[in-house]
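For the record, the sequence lines run as chains C, W, G and B. For the first sequence, the residue numbers in my numbering are 1 to 411. For the second sequence, the residue numbers in my numbering are 412 to 822. For the third sequence, the residue numbers in my numbering are 823 to 1195. For the fourth sequence, the residue numbers in my numbering are 1196 to 1568.
Hints were generated in silico from the structure; no laboratory data involved. It is possible that part of the hints are untrue.
To be verified - Label-pair restraints from in silico Cβ distances:
| no. | chain 1 | residue 1 | chain 2 | residue 2 | range |
| --- | --- | --- | --- | --- | --- |
| 1 | B | I1561 | C | E25 | 43 to 51 Å |
| 2 | G | S1008 | C | P31 | 53 to 61 Å |
| 3 | B | T1236 | G | P1121 | 28 to 36 Å |
| 4 | C | P139 | W | K621 | 27 to 35 Å |
| 5 | B | S1491 | C | E25 | 31 to 39 Å |
| 6 | G | K853 | C | R20 | 28 to 36 Å |
| 7 | G | S969 | W | A424 | 57 to 65 Å |
| 8 | W | R705 | B | I1561 | 24 to 32 Å |
What the hints assert, rightly or not - Derived BS3-like pairs (lysine-lysine); straight-line CA-CA distance at most 30 Å:
| no. | chain 1 | residue 1 | chain 2 | residue 2 |
| --- | --- | --- | --- | --- |
| 9 | W | K621 | B | K1453 |
| 10 | C | K185 | W | K822 |
| 11 | G | K1123 | C | K286 |
| 12 | W | K697 | G | K1123 |
| 13 | W | K596 | W | K611 |
| 14 | G | K1084 | C | K411 |
| 15 | C | K286 | W | K704 |
Please read these numbers as outputs of a predicted model, since none were measured by experiment. Idealized CB from N, CA, C, for every residue including glycine.
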Amino acid sequence: MVDMQRKDTSEQARFRDYCREWLSEHHPGEPEVRIPQSPLEIMTVEQMDYLQRWQKSAYDGGLVGCDYPVEVGGGGRKDLQRIANDEMLRARTPYFPNVIGLGMAAPTVLYHGQDALKQRLLPKLFSGEDIWCQGFSEPGAGSDLASVQTFAQKSGEKWIINGHKVWTSLAHFAEWMIILLRTDKSHKYDGLSYFVVPIKSALGNGVTVKPLIKMTGETGFNEVIFENLEIDDSFRLDELGRGWQVAMTTLLHERGAGDLHVPRAGGLKSRSAHTSNAMSLISLAKELTRDGKRVADDPIIRDRIMRCIIREQGLSENQRRGRVTELLDHPMRIPLQNKLLSSEIAQEIASLAIDIEGAASSLYVGDENAPAGGQWPLAYLNSYGMTIAAGTSEVQRNILGERVLGLAKSK
Amino acid sequence: MVDMQRKDTSEQARFRDYCREWLSEHHPGEPEVRIPQSPLEIMTVEQMDYLQRWQKSAYDGGLVGCDYPVEVGGGGRKDLQRIANDEMLRARTPYFPNVIGLGMAAPTVLYHGQDALKQRLLPKLFSGEDIWCQGFSEPGAGSDLASVQTFAQKSGEKWIINGHKVWTSLAHFAEWMIILLRTDKSHKYDGLSYFVVPIKSALGNGVTVKPLIKMTGETGFNEVIFENLEIDDSFRLDELGRGWQVAMTTLLHERGAGDLHVPRAGGLKSRSAHTSNAMSLISLAKELTRDGKRVADDPIIRDRIMRCIIREQGLSENQRRGRVTELLDHPMRIPLQNKLLSSEIAQEIASLAIDIEGAASSLYVGDENAPAGGQWPLAYLNSYGMTIAAGTSEVQRNILGERVLGLAKSK
Amino acid sequence: MSSNTYEFNQDAALLKDSARKFFSEKFPVEKLHELVAQDPTLGRTPQSLWFEELWQEIIELGWPMVAVPESAGGLAMPAVAVAGLVEEFGRAAFPSPMLSTLAATYVLSAADAIGPLEDICSGEAASLAIAGSKDSWGLASTEVTYSNGKLSGTAHYVQDVGKVQKILVSAHSNSDLQLFWVDLRSDGVTLDLDTIVDLTRDQGRVSFHNVEAVPISVKGLSVLAEAMPKIWMLVSADIAGAAEWQLQTTVDYVNTRKQFDKALGFFQAIKHPLVDVMIKVDETRSLLYSMANAVSAAPEKALQLSHMLKASASDLAGFASGRSVQSHGGIGFTWECYVHLYFKRQKHSQMLFGDATWHRARLADILIGPVTA
Amino acid sequence: MSSNTYEFNQDAALLKDSARKFFSEKFPVEKLHELVAQDPTLGRTPQSLWFEELWQEIIELGWPMVAVPESAGGLAMPAVAVAGLVEEFGRAAFPSPMLSTLAATYVLSAADAIGPLEDICSGEAASLAIAGSKDSWGLASTEVTYSNGKLSGTAHYVQDVGKVQKILVSAHSNSDLQLFWVDLRSDGVTLDLDTIVDLTRDQGRVSFHNVEAVPISVKGLSVLAEAMPKIWMLVSADIAGAAEWQLQTTVDYVNTRKQFDKALGFFQAIKHPLVDVMIKVDETRSLLYSMANAVSAAPEKALQLSHMLKASASDLAGFASGRSVQSHGGIGFTWECYVHLYFKRQKHSQMLFGDATWHRARLADILIGPVTA
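The following block holds chain C by itself, in its conformation from the complex (with noise of 0.2 Å):
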């Protein structure tokens, strides 16, 4: 474990010394229903709630939005969050359900929102007790976002929205979706605008939210179908047309590459799950034959591993690097890579981890004899949606050739 504590100010001390203690009082415990790899594969309202409940805990106990503002219900202090992630993780606790919330909406909306929408938002999204989604993507527009065609079409001080959004996580569960549309036909880029969307208020009267299934046999994502749906202009953000400019915002932190430090827990997940890490395929090696042998001693799975877990090891040094300007060149080098190897090491790993099973990576989830119970073929699949979501790992490699590598653009 990574021993962050020795270079801490004397308020991040005070403040990581209040969130063990916290911590150890408000723990969730082990979760009575069976909590799926990530928060966008939740699929019942008992996973919801469970997850809910603890969210709305950490953020009363002031571990959750503490780098934000007082003044939209944050915590009004600086570079804290850090900790009370870095002790999060350490307790192994449940992750947060509103990941889309704390990790893209809450930022663009602090960044580009009017102050009143902020003071109104904010705190409900910081407690978990509002869930939001992100309407980006459509069958049209996939890695081409800025084709998007959900147009919002003036009327008054209103604006009426119609259009198809897929591969929407969470939209079954969400009360507000930070949306991208077309409010200007006649120019790509310029010609959009950002808003927030309540969505679920709207459900049956404007608003359609249908679950898709992913391949794995999971819902999590959807289509949402917006017909004549009326919104208020308050519910912009930024200035008509700088949608774009405001969705980078959004893009940005969803990369893990924003300046905001984003809420996040999880270390539940790399006890319950083993399917997190490439150090689990040490001890997945160890339990499993081959030819009468443990796997962990067949020297092209030993090397194998070892190639994942420095893959694993660099992208986590990565991130400490990335707070030492002197060894940095491109501020955007390090934090573009974040999400394209995050996905990509997490499709490795699953990949060797079925090579290890072998014959019985055959057996999936719900069958007795399956090693890991299932779970590495399920997170093999899955690991799809990860090199695919949130731009494609061939969108990520074109962004960091251009806007890093100053590279001419590809399109």
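Here the structure of chain C is known, so what remains is to put chains W, G and B in place on it, guided by the hints.
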């Protein structure tokens, strides 16, 4: 070894017997000079003399050009070159030096040249008396071959050539060059015409050949500069403005995808240089040790050698399947893979050889302690010539994706 | 390797062609999805989902007995013809006991077991019950034992066991590994289906409680060793056919789908990996027919070629599957899109009877010799 | 791993910065080419080609004694500072005995050998003579022996031996592996330079014929074991710096060179692999500073981090080199283009003191435990 003979026609069987007999009498024996890894690295007159004598002898014996018409100096037979090649490989003869002549110029001249030109040029091409080179690439026209700028200006029945060709292998020995010239600056593709040019006779008089040095330290290719070289219109192949189409004939044969079986010898190097194929990695790995054990006992090295052997076997089986129409889809699907795969496999093999050698891979040709005489690091460096020249691997993948899979053009 | 043309003759071509037409007419991929993907529930109770009527038609066409020797009333077609046929089963991802029955056929032929081969000709389907719960790729991995004339224990990873009537069981006896022919409906036999990832197959455990069985061979190890190269060939042929489906389906998609005003196939990040899929398909197919031809033409090469083949095929299965989903983007990650059906079948086939690394290690033992101590 | 900032303090930043300026002013790549690439002849007689005057300036700047402890009069800078400095030597591909001298310094420090360390502070350069002709990556691979107070045998793969005055020799004695400090000009010492691929270094064999030597340590194995992680760090830092040069140089080229009316960098077949080079550079650099920091802050992690680091660096060296030449196309394959100088240096560094597979195997022994019998 593949034993081809069971499927021979009776004519082929008779010819095979003849070849064996002829080779048993006329094999040129071990060369008195060091023969480089491929004809493209021939550097000295001694090397060239030895190899030209061998090609002449094989031509006189009827083993070169047997499938070409009698009128142009060929054997006037059908489907016999393959037999001759088999037997020369089996007999481990040296390769032919006139590799560009036989592989690229001859089919192009045959299909696109006027009768008088064919009759004049081809006999000495087959015999190796006239070495040929290819003037396609230019400093500004590499992968984008159609952007060649070397210009031929019409002047009565003559053409005046000015420009600059590069990567011209064998130009320092060549009598003739096949050349792609711009005859019209207003059309990219239709402004190209194709000629044969007598370069040796014009040296110092309109033509300058300057050797380029490879990253290995070897020479073998050249810059060729044209300054007001005057040639006759009778040296043109096909119509004016059809140069691109003629060049396609050349490139198809260069990539091993043409319909004429190219005369090819060259079994000698697999005996002398030990750097020809994946099987030779086995003996290398058996000779060397690491951590007190034979490298051949290292499971990771074993796995990697097997990967190379499988790829190599797959490529050779491709050739065989390529003759069974029932098992083919697109007619160019297998032929267009040849150049890409053979160059990439050669690179993978040489790279693995270096890993097998370990610290000793630092030792180069000329070092008495270098494993296999330092040929493997040399082969690894040279392998980049193969993945770059004659259409980079990137261009080859474009061609396969576009012509075979029907994907949209990338440029 | 004696033939330039693999002896892939007119009969073989005709067989392959009719199979292709059969599936494209009667079993388009929509039908596959409808059949096996009704219920997406994670952890659903395992089921054996297939069109038995189509299988009956296939029996009438004689395909299951295509590899049975003439002496037992079979069609005795050469391995190249069988490879061609199985490619088409893979291309259709057709849920059936075809592979298992052919695999059993090759073992029975090696054991010269006329009676069981006649069962197959009579339309019964069969599967191999030769794997234990661990080390399931070795020839002696079975955890079934034979003593006092009875079988006991459990066979694992029995393929398509929900669709067969007979199983060929390997069991340890005092002396050696022996082979038996067992009717699944016999007393003392119980079957438990596994919950597996692949929707186009089923798989299960068969337990034996003092079961009487027909002995086939007392030289189980050598019989299995003779048959395994052909069994690896079968799985590889299935992979090759399925991979070609993955390739063509993905090519069609990226030619249609536009982003940034260009068809996806314009982008080299999409195009070049698809070219690499094509290259790997061709490597596997070329090795497939070479190995199949070697069965009769160069038997001394068949074993090493079969290891090359299954290693190549297993790598292909993984690579083509990954690219098919990734190139389809978000659509490819949904249950409604057909690519996941092939993805899952291929991941199953990749491991079936040995993954690529395992086969390369066996190949190295042949070509390099065993590791010295 | 206790620090978020690696203790990369102002002194370290200043040192790195001045080295970068020093080389960019005094040793641009044109000068490197001019210096080492005059004679392209394949198999030319090995030579040690370097700018001794610049090395003298470097001695005056005190860089060779940057890692020498204060007790011996050195600058005693932390490993992170050394790593930063060496990155700049790698970026410049500067032919010098810097790496070798630093490597010797770490061994001498572990042995507490004040006298030899003072030699280094006085401006003498040194190299390690610890490798045998085979198995050259193990700690006890030396083929030199020590008996009756004299050294005999031959040390292989001695780096930059044509540029140093002293060598640190490991030799088998009756009891243990022992270490010695030898002046290259001593009686009985002969030096043969190897003909090597890398033009920016030299390498040679040093033979001992009953040579008297200064004993440094009788616990050679444990002293070497203590120093090796830092030596792997040095080579990795050099690789990281050189790889960043390869990346930036190639990026510049593909931004300039046009084909099909587009800068080469437009094409994803060029762009994406260069992004992958950048990613690998960053992985290695992050591991580099993490490991260097662990030397003082978390010594119990230094060994495993050093294996991760050199494995990452070796893979980077091979990959970045391949891409730099391939992306340059025909130009990159010529002697006149500078990329081959770095290509060859990197291929040398890739193998130096263990390749990636070797380091991963050592790491596995730590993290998984040794292979059970």
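Outcome of the hint check:
Between I1561(B) and E25(C) the C-beta distance comes to about 38 Å, which lies outside the given range of 43 to 51 Å. Range check, S1008(G) to P31(C): Cβ separation about 46 Å, and the 53 to 61 Å hint is violated. Between T1236(B) and P1121(G) the Cβ separation comes to about 53 Å, which falls outside the hinted range of 28 to 36 Å. Taking the beta carbon of each, P139(C) and K621(W) are about 58 Å apart, not inside 27 to 35 Å as hinted.
One distance hint, 31 to 39 Å for the beta-carbon pair S1491(B) and E25(C), holds here, with the actual separation near 37 Å. One distance hint, 28 to 36 Å for the beta-carbon pair K853(G) and R20(C), is violated here, with the actual separation near 59 Å. A C-beta distance of roughly 60 Å is found between S969(G) and A424(W), which places it inside the suggested range of 57 to 65 Å. Between R705(W) and I1561(B) the beta carbons are some 25 Å apart, a value that agrees with the proposed interval 24 to 32 Å.
Using a Cα cut-off of 30 Å, the hinted pair K621(W) and K1453(B) holds, with the two alpha carbons roughly 24 Å apart. A hinted pair counts as satisfied when its Cα atoms are at most 30 Å apart, and K185(C) with K822(W) qualifies at roughly 29 Å. Distance restraint check for K1123(G) and K286(C): the Cα-Cα separation of roughly 36 Å exceeds the 30 Å cut-off, and the hinted pair is therefore not satisfied. For the suggested pair K697(W) and K1123(G), the alpha carbons sit about 23 Å apart, so the restraint of at most 30 Å is met.
Restraint check: the Cα-Cα separation between K596(W) and K611(W) comes to about 28 Å, which is no more than 30 Å; the hinted pair holds. A distance of roughly 8 Å separates the Cα atoms of K1084(G) and K411(C); the hinted pair therefore holds under the 30 Å criterion. Taken as a hint, the K286(C) and K704(W) pair is honoured in the structure, with Cα atoms around 26 Å apart against an allowance of 30 Å.
Checked against the numbered hints given earlier, this structure breaks hints 1, 2, 3, 4, 6, 11; the rest are met.
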